[in-house]
Amino acid sequence: MERVGVFICHCGSNIGAVVDCARVAESVKDYPGVAFSTDYKYMCSEPGQEMIQNAIREHNLNRVVVASCSPRMHEKTFRACVAKAGLNEYMFEMANIREHCSWVHAGRNEEATEKAIDLVKMAISKVCNNEVLMKGHAPVTKRALVVGGGIAGIQCALDIANNGYQVDILERTPSIGGKMSQIDKTFPTIDCSACILTPKMVEASSHPNIKLITFAELEKVDGYVGNFEVTIRSKARSVDMSKCTGCGTCMTKCPGKADDEFNMNLRKRTAIYTPFPQAIPNKPVIDRESCLKFKSRKEGKDVCGVCAKLCPAGAIDYEQQDELFTERYGAIVMATGYEQFDHSIYGEYGYGKYPDVISGLHFERLVNASGPTQGHIVRPSDHKEPKTVVMVKCVGSRDPEHGKSYCSRTCCMYTAKQATMIRDHCPDTKVYVFYMDVRTPGKLYDEFYNRTREEYGVEYIRGRVSKIYQDGETLRVKGEDTLLGRQIEIDADMVILANAMIPNPDSERMAQIVGIGYDKDGWFTESHPKLGPVETHTAGVFLAGACQGPKDIPDSVAQAGAAAVKVCALLSKDQLETEPTVSKVDNKLCSGCGLCVPVCPYKAISLETIQERVAGKTIERQVANINGSLCQGCGACTVTCRSGAANLKHFTNAQILAEVDALCQTIL
Amino acid sequence: MSNAFVYNFDQVQNEMRAMAKELLESGEATMVIGWEKGALPYQSTPVMIRSAEDVDKLIWDAYCQQNLSTYLIDYIYTDEKVAIFAKGCDTRAYNRLIQDNRIKAEKCIVIGVPCPGMKNAREAARLPENAEVPMANACKECRYPNPVVFDKRVGTDVTAWCTERDFSDVEAIEAMPADDKYAFWQSQYTKCIRCYACRNICPACNCTSCIFDQSASGWCSKDINASENQFYGVTRAFHVAGRCIECGQCEMVCPSEVPIMLMNKKFIKDIDSLFGAHEAGLDTNTPAPLSHFSVSDPEEFM
Amino acid sequence: MSDNSVKTANDVAENFEPKILVFACNWCTYAGADLAGTSRLQYPPNVRILRVPCSCRVNPQFVIRAFQRGIDGVLVAGCHPGDCHYTTGNYYTRRRFLLINRMMEYMGIDPKRFHTRWISGAEGPKFQQVVTEMIEEVRAIGPNRKLRDDMKVTVNTDDIVASVEADTKVVADNV
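Chains U, R and B supply the protein sequences, listed in that same order. For the first sequence, my numbering gives the first residue as 1, with consecutive numbering after it. For the second sequence, my numbering gives the first residue as 1, with consecutive numbering after it. For the third sequence, my numbering gives the first residue as 1, with consecutive numbering after it.
Please keep in mind that the hints were generated in silico from the structure rather than gathered at the bench. Ideal Cβ positions, reconstructed from N, Cα and C, are used throughout, including at glycine. One or more of the hints may lead you astray.
What the hints assert, rightly or not - A few chain R positions that, by computed beta-carbon distances, are all more than 12 Å from chain B: (1) Y77; (2) S168; (3) A178.
As the list claims (entries may be wrong) - Below, a list of computed lysine-lysine pairs in the DSS-like style, where the Cα atoms sit at most 25 Å apart: (4) K200/U / K478/U; (5) K603/U / K584/U; (6) K269/R / K588/U; (7) K467/U / K443/U; (8) K404/U / K257/U; (9) K181/R / K107/R; (10) K81/R / K617/U; (11) K584/U / K530/U; (12) K81/R / K57/R; (13) K404/U / K301/U; (14) K584/U / K520/U; (15) K235/U / K301/U; (16) K112/B / K520/U; (17) K253/U / K211/U; (18) K185/U / K200/U; (19) K104/R / K588/U; (20) K443/U / K387/U; (21) K617/U / K152/R; (22) K140/R / K57/R; (23) K387/U / K404/U; (24) K588/U / K21/R; (25) K142/U / K257/U; (26) K269/R / K112/B; (27) K57/R / K617/U; (28) K112/B / K530/U; (29) K142/U / K185/U; (30) K126/B / K181/R; (31) K181/R / K269/R.
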């Protein structure tokens, strides 16, 4: 038997000046289920709450409706209030007659009062269908996983580890370091990238709380905040990490050759290789695609084996296989970084066919002392020093038609940096920069840009390049100077394109594995663009660095620290409280069609086999089963379910239908 | 369409009987579901045969429209191994049931029967005895007359006589003014007696417990009036949206001749144009359009 | 059209005030409506907000039910695609309501009576604007007389009886 108490709040004059609260209380006193109704000046005040608690006891109420402000404001307050009086906190509903009524219908007292009565009746009808619900508790695994070993991942792991928690870094390539390890100098200070990154890499590898899992990929993520179960694929390195000493002898005689991706394919590397000299772990892997032994095995032969013969430690293991293993984590940080946009879609830049039209990252390798040219700025085609260099910004960025609609944020600064570096290395070389806008919001960024123009004499031309074509040894660059309104033609020896940043090509698949959102471009979606920049909508999964959107190194590092704090706050708890407002399946009604399984954003639904007695026989059949710890209570499954077997607690079909009916019963 | 009827029913019928006999005698199947001749020339009704001696009851003619796949649900908890004869649409229904986890492939033997298109039994009842009977509505638009899945098969493949669905009937309603549309549907749904024959025959309506049988749930009342009937009509169409295999059985069994496929085809048309072409029941892997989404789905709600 | 024809908008009461049900997702639209409140953005008092966790919780059957019970208009509103608190909920809302809105129109319900909109927690003014426009539109077309169960358009069983009798006769003749 429902005995609902209804309490109408005046909120001083906030509600009371517009809504006739006494009339609202009076008009619902005989509404089905209502045992008591009253109004009061401030329901949330101490005396107001006492009034509710006394009424619960005096009138033996088992359900409460408070009509006042938004539940987003005071639902917690009143739930705690009714709980103190012995009611289950979910036997409570709020009617929002302030934000949704008195404040938006000032001066229309009669209609606002009618509306308030409707809203209160809806709440009463709903609360009559409420059920007792209990919060759950789940333990927390005090270990974090950072996916991606670039600067964001390394920094985040260090911050977590320094707070005393165990953390694993999962890196897809053979070494941590990420894009920053490919970059020569960093803006706006022009300090050497490796000089500031390498110590961090060493610190991460030697930290007692950090474990590096390199040359491995995320395979599957099960579980939920505090209790993720992560399956990791450790790719076959063909080198036994426990035996290898990292001496490098194996690489000296390797006849296999492949494009060196670390050096942007500007030179070749061996088939057994470490990506760069400062790699961590500094132990090689065999690239099976270019290894003569593995290639010959495909043809039924078995040749070479030079590296195994050379290795003094006997660490080469050609028979190694990919291995899957599962680890438990309390929190996950995604730090999967970015890739460079491929400019070969642009006909005006030569479809990527001209060897001397290179991208920004190519230039970083060209200018790096340990790069393919020992740091000499030369043209890839003939290794001559370029006398005229044209740089083009916004290649792929801010081009919704062919590229990406967003600004990649870093290109203005790295173009300025690279321009100054060219002028430093080759003082006789002229540098032109074609730009749409110059965007330099960052500490000392605009000053740097101004120096680039004023002190380094780099010529900035506002306009787009319409065509680049090869004319003998030179690249003819045609464009427009929109400030002077004239066509420009420059004979360049080299063109450097400031390519956009794009998410890791695998980002969408990874988002699906982890269960987080991503936008149309594939960047991971934060939980709130302003107030939740490192959280995701999946509790326990956080974002660091450029995987969330284009970012430079300082921003990535800052965000990594922020994500680390969120992780530590989570791991510092022994138990997490879980909301009971989750979906559940009525086995009687469920046919086991499984349509709800793919709809669930949290992978909380699976089919399980149950036993049933049918016509005197025990049979087995499948029904949907919802993991209450994973379910976040969105209700997507409930609409997919034709038979109404899946229902969302606290927002059940019966509750919503009751509200609809209550609202409509006054319509004539 | 005409040459589709240059098709030797008798020969296929002989093959069907031989197949049924072999399955039952060898014990490979404990029961064979096919069609037998009904009381009227235009009635061919389902028959369950358990003994090889009875196989001559089986017939195959132009009125074997009824889909037999849904009978398989009744035998999932028995020890029977059931063989069914299945036309193209029946095999799509079979895939529907497999995908919906309502039957188990290992308990069924599907005997594919290429189908030349069935005749419209309802028209046959109205026409003079020797008149030419038109093809059943759903069959006219059939693009899969040959079984899309089978364990065994009889007959030889026929050439599909239709390559594209005909949405002109749906478009005709779409073109009406709102009040006329409403009047049309109201006139149709006031005929509905909520016998649920459409639901019962539908291979996509295979829930163990239909919401329209859960009167305590608050979803629906047992009242038979235009409002409740239209709620039933839209809801059933929505429940089979993207899952309907277009066999047209719902419309065929409706005693009130409500044009139910007009509702189903509206969803089919919109799904195809909004989310890309979809054919339900061609396999068991393609997800139903409403069980997934694309980030680039059309945006109208900004 | 039969004698069972429903009343149409022609007999609208003079001072008709529509009643409109808004299904608002808790995280965006409900918050957007709260923001309209805290910003004191005024709109006509014809809307009633029903809070759901996510727009994907809104079963189209709820919408039809509201029309059956006589509501004049229904608005389903949630977070913008990509902003869903539950990551993907509103993508399902979009698919479902792209279809069901077309079906409602196909059934002859004036599309002005049902809308789906994305209104974020920051879009108090948009909430105000969307509901104000919708109220004006529905006010202009008058009270909902379609799909309503209190209209009690009953089923005429005479035809069915007749057709069954005819069938029985044919069977009798043939046997």
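So, going through the hints one by one against the coordinates:
no.: 1; hint: Y77; in the structure: 30 Å, holds
no.: 2; hint: S168; in the structure: 15 Å, holds
no.: 3; hint: A178; in the structure: 5 Å, violated
no.: 4; hint: K200/U / K478/U; in the structure: 44 Å, violated
no.: 5; hint: K603/U / K584/U; in the structure: 14 Å, holds
no.: 6; hint: K269/R / K588/U; in the structure: 34 Å, violated
no.: 7; hint: K467/U / K443/U; in the structure: 35 Å, violated
no.: 8; hint: K404/U / K257/U; in the structure: 35 Å, violated
no.: 9; hint: K181/R / K107/R; in the structure: 46 Å, violated
no.: 10; hint: K81/R / K617/U; in the structure: 18 Å, holds
no.: 11; hint: K584/U / K530/U; in the structure: 34 Å, violated
no.: 12; hint: K81/R / K57/R; in the structure: 20 Å, holds
no.: 13; hint: K404/U / K301/U; in the structure: 47 Å, violated
no.: 14; hint: K584/U / K520/U; in the structure: 32 Å, violated
no.: 15; hint: K235/U / K301/U; in the structure: 23 Å, holds
no.: 16; hint: K112/B / K520/U; in the structure: 30 Å, violated
no.: 17; hint: K253/U / K211/U; in the structure: 32 Å, violated
no.: 18; hint: K185/U / K200/U; in the structure: 16 Å, holds
no.: 19; hint: K104/R / K588/U; in the structure: 20 Å, holds
no.: 20; hint: K443/U / K387/U; in the structure: 32 Å, violated
no.: 21; hint: K617/U / K152/R; in the structure: 31 Å, violated
no.: 22; hint: K140/R / K57/R; in the structure: 28 Å, violated
no.: 23; hint: K387/U / K404/U; in the structure: 32 Å, violated
no.: 24; hint: K588/U / K21/R; in the structure: 39 Å, violated
no.: 25; hint: K142/U / K257/U; in the structure: 44 Å, violated
no.: 26; hint: K269/R / K112/B; in the structure: 22 Å, holds
no.: 27; hint: K57/R / K617/U; in the structure: 32 Å, violated
no.: 28; hint: K112/B / K530/U; in the structure: 35 Å, violated
no.: 29; hint: K142/U / K185/U; in the structure: 37 Å, violated
no.: 30; hint: K126/B / K181/R; in the structure: 32 Å, violated
no.: 31; hint: K181/R / K269/R; in the structure: 17 Å, holds
Consistency note: the structure conflicts with the earlier hints numbered 3, 4, 6, 7, 8, 9, 11, 13, 14, 16, 17, 20, 21, 22, 23, 24, 25, 27, 28, 29 and 30.
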